[in-house]
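Using the sequences plus the hints, can you model the full thing?
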Amino acid sequence: MEDFELLRNVTIGQYIPTGSIIHRLDPRAKILAATFLILAISFTPSILANFLMMAVILGIAWLARIEFRYLLRGFLLGLPILIFIFVTQFLFMGRVEPAGHVFFQLGWFRITQRSLYIIILSGLRLISFVFLTSLITMTATTTELTHGVEHLLRPFRRLGVPSHELALILMVALRFVPTLAEEMEDIMKAQASRGADIGGRRMWRPDRAAKAYLPLIVPLFLNAFRRAEELVYAMEARGYVGGGGRTHFIQLKSRGLDYAVILAAFVVMLLMLLIPWPSIFGIFF
Amino acid sequence: MVQALKGVDLTVEPGEYVVILGHNGSGKSTLAKHLNALLVPTEGDVWVNGWNTRDRDHLQDIRSTVGMVFQSPDNQIVATVVEEDVAFGPENMGLPHEEIVQRVNWALDVVEMSEFRYRPPHRLSGGQKQRVAIAGMLAMRPQVLVLDESTAMLDPIGRQEVLELAHRLNREEGVTIVAITHFMEEAVEADRIVIMADGRIQLEGIPREIFTQTEALQALHMEPPLVTRLALAMRQTNPQFPGDLLTLDELITALKAHWRVPAPVLPDARKADSSPQEAIIRYEDVGRYYMRGTPLQVKAIEHVNMHVTRGEILGVIGHTGSGKSTIIQHANALIRPHEGRVLVFGEDTRDEKTNARALRRRVGLVFQQPERQLFERFVGDDVAFGPRNLGLSREEVRERVRRAMAVVGLGFDEFKDRMTFSLSGGEMRRVALAGILSLEPEVLVLDEPTAGLDPEGRAQLLERLLSWREQGETLVMVSHNMDNLAELADRLYVIARGTVLAEGTPEEIFAQVERLQEEGLNAPVVTQVMQSLANEGLLPPEATHIHRFDEAVHLLRGMI
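These protein sequence lines map, in sequence, to chains A and B. Sequential numbering from 1 applies to the first sequence in this note's numbering. Sequential numbering from 1001 applies to the second sequence in this note's numbering.
Read the hints as simulated data drawn from the structure, not as lab findings. Positions of the beta carbon are idealized from the N, C-alpha and C atoms, including for glycine.
Each pair of labels, with its calculated beta carbon distance range:
(1) A:Gly243 - B:Arg1056: 14 to 20 Å
(2) A:Glu229 - B:Gly1311: 40 to 46 Å
(3) A:Gly19 - B:Gly1409: 54 to 60 Å
(4) B:Ser1114 - A:Leu270: 45 to 51 Å
(5) B:Thr1011 - A:Gly245: 29 to 35 Å
(6) B:Ala1502 - A:Leu214: 39 to 45 Å
(7) A:Glu229 - B:Gln1102: 30 to 36 Å
(8) B:Asp1417 - A:Ala209: 24 to 30 Å
(9) B:Gly1391 - A:Leu79: 28 to 34 Å
(10) B:Ala1502 - A:Gly19: 37 to 43 Å
(11) B:Gly1391 - A:Phe43: 52 to 58 Å
(12) B:Glu1115 - A:Arg226: 29 to 35 Å
(13) A:Tyr213 - B:Gln1102: 45 to 51 Å
Rendered as structure tokens:
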């Protein structure tokens, strides 16, 4: 662990102002386009198509002038989850039928054509998701995003969708990401100063890890609750009573390019979902 | 059930500046929350502009009449950008877009934060955040602004910013101010002071009358501002001397009028006799970046050369953002230098072979607001967390907890089974301190140990630290409170812009009043008095070496 500097690794939620063409898009266009891309990634069963989507995402990163290593840093943070998913799939997916060709078998455990396919496909999907979400937060400020979400959901208000409340929740959550990361950093340092073995050798044992995290989690939650309570007072003091009757300081305006981007993402989605992509290496769908 | 307020009668007139003083638990914050219907009284009534706060129909009217700014700069900003946060109130009022824009511009202008309008709040200083919070209130055009301990968590610069703004709003915009605080110094320029204790109003009047009621204040465990205390000390030996002095200028004028002996000869400044050779902690040209390897990389500290010798009380002065916290976190290998090196008991913290956990046991580091890191249900368990991590026996852990709690003045038998989170702020701070002392470190490093405590809590904590140091231990104290360091420190470092600006005895450092002021640091009040008297020619220039209250009283009593 490099010196407890948490904020350095939190790339989700960190805006990188390069002023690129991607940065200047209307947040609504960005959110809609990203939604189409995510749908494409989620529903195409083809590994080849997923590789192509990865290329599209890296192309967007290039257009946004975001260096690859920043994308990678957010990915590293999610690595433990990825490894966990990989290991569980590796262990259990061998039983899924139809299994196709069986490459290896040891008692109950097997590696099959099907299990390799699932592992590679879900790995690609997860990496794409992480890259895409990081890209959004790197190219749009959190306020742009929240306003984008609120505007997009506004038509659904009549159907009972609390668009304003959802946007506010998002805004407050994003607002406190750096604050809580700093707080966590302080707590980690403080407990390490009291001799706690944080990130030490025996952390792989779940019982010990849980015990070691308690001194971090308890204060973090207590402080977060206290912050929440104070925030409620502060919001009430400023006359907040919910979404009804509120007006807006920020007003979004979209240009031709924004519509073009949305259309392009929609076309990409259709291509991914409708073209019968050939299988690669012979063993995959 | 506890009755927090008992029969409080209070009227605030339009345009007034009222300060409500009281310790933690005196009921002053509860009182404040009644002013804009955040709380509604269980007995009696609160009227705002003729509206009863019980009347839910006028809730919006009441909240836009009485604005309120809270204590924590971090927890009252809603939006992720300054200007949008200021717009939050007007948006809630349902004002048209153009009107909101106009009010936001005006409010940011009044609090002088226009140039920061696109900043995210976490990249503002504490004082700036509070100014944003005030702007957020002003944008609702309130007639009254309640500042609920809004200065408690700020450094002296931030506090100055907020106080000046409050007075300016009161004078120029005609905003009525109700300021709640535990610091008498902040009440000097008020129109009226209200002192609360036990949920009741104990004293009420103009500052000059209140501050001179020494006995009544003492009974409430309160101390007048330092200037008034100096004047009262003069009056004890010279009944002709006026006691009701509030400002430095008044004190100097009075001293001049009563001066009767020529300037005495005073000794030279004490020189620091600490050499880096015998240091137990040594910084050699240390530099470190923040967010290294990201686009936001900045240099946090550079070319830091410092040392700590055994048995001294070392003061480290600097305001928030000067890099002082980063510097001291190198002392127990929590962070390691990117440039230069740090030697702790002769071991290089960057060396792979150095056992960081062993160093942390020898150098105890107490963070800012350490009570925020408590986590056990019972006091005894929390204090025992450190010793248990060392793998000591049950008896040894128990013995260490007992000793540590004794040092901070919490009886082992009385407190060990108390619920941690039911304690007062000052008690929790002392539990946290005991949690480090139970490691029995050779050096104790404290980051702003008194920040956020009320004066009584402060005094108790400092007294405890002094008694600990009597045992010959080494103490490093990081603070922006000059008056505390003036009383305690043997040697000082001044930190500014990420590096060491000056080093020396308090006599040497505080004598450079102007240089400190350039860095936004004030010399201790005692030194400022001495400097003024030296400027008047009443005392020789060496007088600025006097920075302790008792020494100053002793000298001045001989002069008048």
